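Protein chains in written order, with our numbering: chain A, 1 to 574; chain B, 1001 to 1252.
It is possible that some hints are incorrect.
To be verified - In silico BS3-like cross-links for lysine-lysine, where the CA-CA straight-line distance does not exceed 27 Å:
1. A:Lys33 / A:Lys509
2. B:Lys1122 / A:Lys362
3. A:Lys95 / A:Lys491
4. B:Lys1103 / B:Lys1151
5. B:Lys1252 / B:Lys1236
6. A:Lys340 / B:Lys1246
7. B:Lys1204 / A:Lys340
8. A:Lys453 / A:Lys265
9. B:Lys1010 / B:Lys1029
10. B:Lys1204 / B:Lys1122
11. B:Lys1211 / B:Lys1222
12. B:Lys1211 / B:Lys1159
13. B:Lys1246 / A:Lys362
14. A:Lys95 / A:Lys512
15. B:Lys1122 / B:Lys1103
16. B:Lys1204 / A:Lys362
17. A:Lys509 / A:Lys491
18. A:Lys340 / B:Lys1122
19. B:Lys1031 / B:Lys1013
20. A:Lys33 / A:Lys140
21. A:Lys340 / B:Lys1222
As the list claims (entries may be wrong) - Examples of chain B residues toward chain A, derived with CB under 8 Å:
22. Ala1062
23. Arg1141
24. Glu1143
25. Cys1145
Quick caveat, the hints were computed from the structure, so don't treat them as lab data. All values derive from a computational prediction rather than experimental measurement. Even for Gly, the Cβ is constructed at its ideal location relative to N, Cα and C.
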Amino acid sequence: MRMSEILIKNANVCDPAQGINCETMDLCIRDGKIVESVSESAEVIDAAGRLTMAGGFDGHTHSAGKINVGRFMNPNDARRTLVPGLSGPEARTEKTRAQVGYNTPNTYAIGYRYAKLGYTTICEAAIPMLAARHTHEEFKEIPILDKMGLSLFGSNWQVMEYVRDKEPEKLAAYVAWGLKASRGYGVKIVNAGGGEAWGWGKNVSGLYDPVPNFDVTPAEILMGLVEANEKLQLPHSVHVHCNNLGKPGNYETTIETMKMFEKVKPTVDRQALHVTHVQFNAYAGTSWRDFETGAPMVADYLNGANHLTFDLGQVIFGPAVTMTADGPVEYANSRMLHEKWSNQDIELEDASGVVPLSYSPKSFINAVQWAIGIELALLVEDPWKIMFTTDSPNGGSFVNYPEAFTYLMSAKKREQVISGFGKMALDRMVLPGLDRELSFYELAIMTRSMQSKMYSRPEKGNLKVGSDADVAIYDIITSDIDPSVEHEKVKQAFSGAAYTLKDGNVVVKDGKIEATPMGRTYWVNAKVPADIDSAMNKDTDIKFKKYYTVSKSNYMVEDSYLPNPVEIRTEGAF
Amino acid sequence: MQVVKLSLKKANKIPIEADTVTPDNFAGKTKEEIEAILVWYGNGQCPLGDFFTVEVEGSDSAENTKIVFEGDVSRVKRIGQGMSAGEIEINGNVDMHCGFGMKGGKIVINGDADSWLGCEMKGGEIILNGNATYYVGSGYRGESCGMRGGKITINGNAKDYLGEHMCGGEILVTGNVGLLPAISNNGGTIVIEGNATMPASEMKNGTVIIKGEISDMLPSYKEDGTEEVEGITYRKFVGDVNAGGKGMLLVK
Ligand SMILES: [Zn+2]
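Extracted from the complex, chain A is given alone in its bound form (with noise of 0.2 Å):
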């Protein structure tokens, strides 16, 4: 067997997992994982004292999938050059492939500026089930990194009809047999119940709002589902996107939302509960007259519990494109801002609609959003609770990951920021009265430490010995430099790693592609009794023969869609 090994020397670790805050130190790597130590003849890398972390880890991005039809909505995006090294058209190289655009990039571009940006794992946040085989078509064409994808439930008839006659076994079992038709690796919940009310022309107004025909509401969708995940042990709790997103008032539903989780105990040791873009949902107001942030009641809430994680959804000045299954929300957007839409029928699963927008600061709207997600982040005490996101594209590309990084940083960018903003939307925002500045170290947690427990990936996103050698180096010398006033030069380091190394291979020096290796792709295969699994089966027989457009056995993501997998057997809790 061909060893492989690599001494990284002089590496100032930062390393929240193991509690390492920014300490110098030598880190061993022999095939593809972190070790105590290697021989002579390891390969020499002088990390020369630069700050070093565990490759990032975007839990939830929207990279594959929906994002095509964010491509041919916009296919100016291609052209786009708003972030320099970035974004926009390059020429192919020896290394790597053609690459264009800035939202919605080629699957290429995604791969090398998620590395060149030191991160080597995503999580791709919605499929819908029906349309897996695509987004497993461009997760094989992203290189470099290792992906996984949540599979969409929330809107699915026959969860809704399992919930309602109160099956929870067969709705564990669908479950289950869902997340391996898709080969998904755990639950997406999109506005329960939403998706199948848009269907109608309709939404649901709230938790307790029953959804047209199948006599069940959202707040029994939600606590059957997580039922079932917590049955079949899924090593990610559900992922939800709130009811009522991006509607002034909203952040009390979420905040129900939340509470309603608290009386679930995991079966795995993570969270209950993921609540994503809390941006979008944490709106005060009563209507966009009189909107403002609804950040600090959430934040108070989020530091009083828990049993939950969440992530920012950070707004991005400039062009963005909405992507979501929230089907009504993509149609309001579209509307209210006279922009081009796309809506999608995913049959009897859920709805799906994309819209670009720009988000300017000299709207107060837009500069309230971008504040909401700021303050969420410095006002949530414990970063544990936090996933850095932009929920790349809806709230900007995560290509200004490193940009936004600053805001939470630097109190000084952000006045910079805020100094364009008028009066009303200072007015409706609390973060002028934020001094908080967040370290490298809360960095590393909210970008890489959190997700290794929030999706039980004990080998991801640490650098303890064991683990895979996804390691990325910035040239930033933690000692010499002050970020709250050299904000510049931290965005400039995170833009480009001095290293990236995934599973050991050296991927990017010095900002550029070095290698374009395949990362693997995680879901998850979890074990239902015979019986109970051959009594659901009966059930969607039915559904696929009356209603679907596609048998049964043509659903199904065969192996050959998957050329490096991770599958993920859980035993169950029957």
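Mind docking chain B with the ligand on chain A? Use the hints.
Just chain B with the ligand now, with coordinates in the frame of chain A:
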């Protein structure tokens, strides 16, 4: 004054992308330097001198530089892209995207032009002594704004989607145009001396004058009296009502 004459050595089948051929880029350069300028050819870049015989007279600034193409360049794209000054004269047919995004100066084409002539033009002038194809003065795919300034004169006919998403500037066509001229435009002026089909659909703003016959006039326009332009009285229509538009469509 600097005059640069370019003549194709041999007709090319694979298109040449000549976005580097502008007075801005040629000004003050010698024959050898111009021959060494790279252009895209298929999936690789080659020096201009591989394809063209180059003659240079004088040396001057961009405003005082004139590039002359001798003969047909119907497989040479993007000539004059983004130019800001000077003049280009093309004595033959030209391929797509001629004058794309030009900011100033002048292009004269004594021949026909393929699609996307002067699209996203911001300033300057294009005179086409021949026929144009599709999407004259329009926007890049997906953009909400096409031509923003400058003037395109077509002494001939144009095909469909003339001035699509136009936001400013002026287009004059002395002949006929095809389907849907001025579609989704939001500013600027289009004058068509010949005939047009379904003009100004989804127009939000701007002025469209059709002096010839209109086929399939859209029903989504409100008639609003008459308007006199340069001594001619036209029937005035306002719309496109479907797009909440305030554009002015003047017809005989
Ligand atoms: Zn999302």
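Any hints this thing doesn't respect? Which numbers, in order? Checked against the structure, the hints that fail are numbers 22, 25, while the rest are satisfied.
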